[in-house]
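Chains A and B are the protein sequences, given in the same order. Just add 47 to wherever you are in the first sequence, counting from 1, and you've got my numbering. Just add 1 to wherever you are in the second sequence, counting from 1, and you've got my numbering.
FYI, nobody ran anything at the bench for these hints, they're computed from the structure. Accuracy of the hints is not assured; some may be wrong.
What the hints assert, rightly or not - Pairs of lysine-lysine residues, derived as BS3-like cross-links and limited to a Cα-Cα distance of at most 30 Å, are as follows:
id: 1; chain 1: A; residue 1: 51; chain 2: B; residue 2: 77
id: 2; chain 1: A; residue 1: 272; chain 2: A; residue 2: 287
id: 3; chain 1: A; residue 1: 307; chain 2: B; residue 2: 19
id: 4; chain 1: A; residue 1: 307; chain 2: B; residue 2: 56
id: 5; chain 1: B; residue 1: 67; chain 2: A; residue 2: 272
id: 6; chain 1: A; residue 1: 200; chain 2: B; residue 2: 77
id: 7; chain 1: A; residue 1: 340; chain 2: A; residue 2: 481
id: 8; chain 1: B; residue 1: 56; chain 2: A; residue 2: 105
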Amino acid sequence: MLNKNEIMETINMISNEHLDIRTITMGISLGSCAAESIDRVCEKIYDKITFSAKDLVKTGEEIESRFGIPIINKRISVTPISQVAAAADGDYVKIAKTLDKAAEETGVNFIGGYSALVQKGFTNSDRKLIESLPEALASTNKMCASVNIGSIKAGINMDAVARMGEIIKRCSEKDDMACAKLVVFCNAVEDNPFMAGAFVGSGEPECAINVGVSGPGVVRHALEKLGKQASFGEVAETIKKTAFKITRMGQLVAEEASKKLGVEFGIVDLSLAPTPAIGDSVAHILEEMGIEKCGTHGTTAALALLNDAVKKGGVMASSYVGGLSGAFIPVSEDAGMIDAVKCGALSLDKLEAMTCVCSVGLDMIVVPGTISPATISAIIADEAAIGMINTKTTAVRIIPAPGKQVGEIVDFGGLLGQGPVMNINPYGSEDFIKRGGRIPAPLNSLKN
Amino acid sequence: MRAVITVIGKDTIGIIAKVSNYLYENKINILDISQTIMQDLFTMIMLVDMVECSKQFDVIRNELDKMAEEISVTIKIQHEDIFNSMHRI
């Protein structure tokens, strides 16, 4: 029989410490939707998604009720559209609108997979998709897009990096929210349940359920109880135990969803994903460890410990771990990060350093609208280099804010939060980005 | 199925009576019950068996919510697996 303290601990985690399941994401392969006309592709995509995910939201809500655990998002990810649509003539924006319509019909919060994988080079279809991004993102609400521009095996496609700088700039001029739904990856994973970067990779099954857990607030409370005197060994141990408990819940929800929907269980993603709500911040965990303000000296070490301990605790709690799995540091979505930027403790450079030791990258960073496309590209290149050399996923979700100055706040609403406009290095990188070609794949031995 | 019901709130006369009477009316069997006052709050934890209950889980949950409002406490009902999976390997 369960004891009283265990029951109360779980109840407290959910009621007071923001423990939730961040997302149940259904990955649907659209490989069978290829056709020669874009209208036919759209028809097949719409039918397949609305059929496969017809019970997704309802099932999510049933699980919420049964276990008394909030499931914040229900989402869908699909095969990269540049692959699905490659045979079809016509405008890809139509597909974007179809995805949006399918998301609306199934009632999910987001749909991801308007994507292209160009780490080595572009197919004609990849080019079409990338050029369509500003229009596609501006004319949809729930659709998310991603482009993978580098990998440990292929190196970095600097032509794609250069192009994405231009595209992100154009997206920002077209629509306020477009850039929040677009992420540029190095080493993108194929089973990520989190947005904006979720898509279904080529090694994935026809349909799978991937679950993303959350719980920065629970980790912070556990460390608070531990006290300021505890050693790093005790801190790591506490995080591990907490991550274990959080992940067990993710595993339970994933199994239940997979059983009820009759769909294969893919993975549990062990990420600590913050929300703008007070008490649900990754920055506050680091501050609980003794960092006065997130971004000051010591932050990278604290984050490294956190990220590693979360994985160690979570891995044993789930039969299949995957996705991004690590601590997220999206600035606008984390109350502690927002404060740290506002008071000058956290800079873009420090964030870049932090991304070396955690998942995922420069996320939800607002920069002045005057930023040049080459500078955006150079920021992407730096981040991709970190991912490529360190064998990890890195990403850039950067949002130029037209007409805004450093320090002003841009409000995205909901889970996307609000971000202060951050300072960027005033010196240019034009000639570097203009070179074109690829940065060769790195050596994987002689590592020092 | 078995579920855990937790009732937390300001102590008043008849909380246990009210909740257990409702469970009786709906053929929900109480397997274990414990009650304490923690930090001035009435805290009751029940393990119940719902095999004979003919109502949907959602309906029971909504009705317990309504009762909670009437007697100014919070009542949660959750499948026991969430606690088992979190605290037992």
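Verification of the hints:
no., hint, in the structure
1, 51(A) / 77(B), "holds (14 Å)"
2, 272(A) / 287(A), "holds (15 Å)"
3, 307(A) / 19(B), "violated (34 Å)"
4, 307(A) / 56(B), "holds (20 Å)"
5, 67(B) / 272(A), "violated (34 Å)"
6, 200(A) / 77(B), "violated (51 Å)"
7, 340(A) / 481(A), "violated (38 Å)"
8, 56(B) / 105(A), "holds (19 Å)"
Hints 3, 5, 6, 7, counting from the list given before, are not met by this structure.
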